[in-house]
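Given chain A's structure and the hints, the job is docking chain B onto it.
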Amino acid sequence: MANKFDIQVRAEHEYAVLETAGYLNDALGEDLSKKAQELIEKGYTQLVINLDKTALINSIGISILIEIIEALDERDGTLNFCGLSATQERTFRMMAIAKYAGIFPDEKTAIANF
Amino acid sequence: MANTISNDQVLLTIPMRQDMELAAAKLASVIAESMSFNDDQIEEIQLAMIESCINAFEHSKSPDQSVVIHYIIRTNELELQITDQGIGFNPGNRGKRGNSQPDLHSDMRKRGWGLEIMHTLMDSVDIMSGENGTTITMVKSKTA
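Listed in order, the protein sequences are those of chains A and B.
Take 1 as the starting number for the first sequence in the working numbering and just add one per residue.
Take 1 as the starting number for the second sequence in the working numbering and just add one per residue.
I should point out that these hints are in silico values taken from the structure, not numbers from a laboratory.
Ideal Cβ positions, reconstructed from N, Cα and C, are used throughout, including at glycine.
Certain hints may be false.
[Unchecked claim] List time: in silico PhoX-like cross-link candidates among lysine-lysine, alpha-carbon distance up to 20 Å:
| no. | chain 1 | residue 1 | chain 2 | residue 2 |
| --- | --- | --- | --- | --- |
| 1 | A | 4 | A | 53 |
| 2 | A | 42 | A | 4 |
| 3 | A | 108 | A | 53 |
| 4 | A | 35 | A | 4 |
| 5 | B | 142 | A | 53 |
| 6 | A | 4 | B | 26 |
[Claimed, not checked] Where chain A lies over chain B, by a calculated footprint (3+ residues, C-beta under 8 Å):
| no. | region |
| --- | --- |
| 7 | 20-29 |
| 8 | 39-52 |
| 9 | 132-138 |
Next comes chain B alone, as it looks inside the complex:
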């Protein structure tokens, strides 16, 4: 399923199926470990990857029902590009209260945390989204 497309890039395509985000997270873990990221950083990368994949699974409505992930290995950082061919979204509207259920505590909402988790755990998160799909680019530096 995973292809190495150059010495420093790995490409993975996963179907939008239950738990397939684990495949993406585990490959990220293997790559990050090979780059000598520490255990905490590897877990942060895995959780951010899981959230990115789940966002695509839940919201993209991609007709091909797949997510393409580029793992780009650089000397001191790992870049992850997660792409779907879905309907896109306005990043400014995500991470807000999208949950129809009232929450008991106003600061403890249940859903809509994915992007905030990614921003918290990674050094940078950039989103390019349009009617032809979305690419989330996340970078983790070894020195941060």
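So here's chain A without its partners, still in its complex pose:
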């Protein structure tokens, strides 16, 4: 069962958006982490991860999201999530992610809240 996934990156002047599509497991998570690290090394400290096209996640994928939060934290940056399902948001809140990253309903709101 191949898990097809994709990450679209849109870098603007002051922030960048990473939009995932597919199952957020270790493979997609590592790819996402690599792209986020590239942006951070270029000086981006305000990132949005849009999970609107990611219907399923697992705890390994979420652990990689936490690594991105930590990498941004070290540079006084901010990570905002958007496009989460109600269940994903509930899981993120249980894992304390909501304390260290923003959770917003859509991309526009996530960008407006940096």
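Frame of chain A; chain B shown alone:
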């Protein structure tokens, strides 16, 4: 791969291979949808199933490298039994900090969330584990 073993039970055996947890989750989704669970409940069932399978894949050290899943359909609830033939574990030691990497924030650990996610998303989670393997039994009720 999936067998219907009675009118209200489905049996699935999956190998411990990358993304095979998706097969178990998708079958759970199909069954839950046929039982008229709502979309949020179906997603909760899928995520709990994924975590249960990943736990077996990562920790069981099962010699046959497979996981057997019973989907038991009842009038108002779906019971999922996920079984491996691995080395077993003490459920009291899971969900604790098993990660050797230090975490930046003490309440935001990276790994060891599987059982807590299952408990959060399902109505009940029972674990029977011994040296001959582990069975995790999870129940989701339509009325909860």
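A quick look at each hint next to the structure:
1. This hinted pair checks out: residue 4/A and residue 53/A have alpha carbons roughly 12 Å apart, not beyond 20 Å.
2. Taking the CA atoms of residue 42/A and residue 4/A, the gap is about 28 Å. The hint is violated against a cut of 20 Å.
3. As the CA atoms of residue 108/A and residue 53/A are separated by approximately 16 Å, the hinted pair is consistent with the 20 Å bound.
4. For the hint pairing residue 35/A with residue 4/A, the CA-to-CA distance comes to about 17 Å; that is within 20 Å, so the pair holds.
5. Between residue 142/B and residue 53/A the CA atoms are separated by roughly 26 Å; this puts the pair beyond 20 Å, and the hint is violated.
6. Pair hint residue 4/A plus residue 26/B holds up; C-alpha atoms about 15 Å apart against a cutoff of 20 Å.
7. Coverage of the region 20-29 of chain B by chain A holds. Counting CB-CB distances below 8 Å, 5 residues qualify, and the rule asks for three or more.
8. Judged by the Cβ-Cβ criterion of 8 Å, the region 39-52 of chain B is covered by chain A as claimed, because 7 of its residues qualify and three suffice.
9. Taking a C-beta to C-beta cut-off of 8 Å, the region 132-138 of chain B contributes 0 residues in contact with chain A, too few for the three needed, and the coverage statement is violated.
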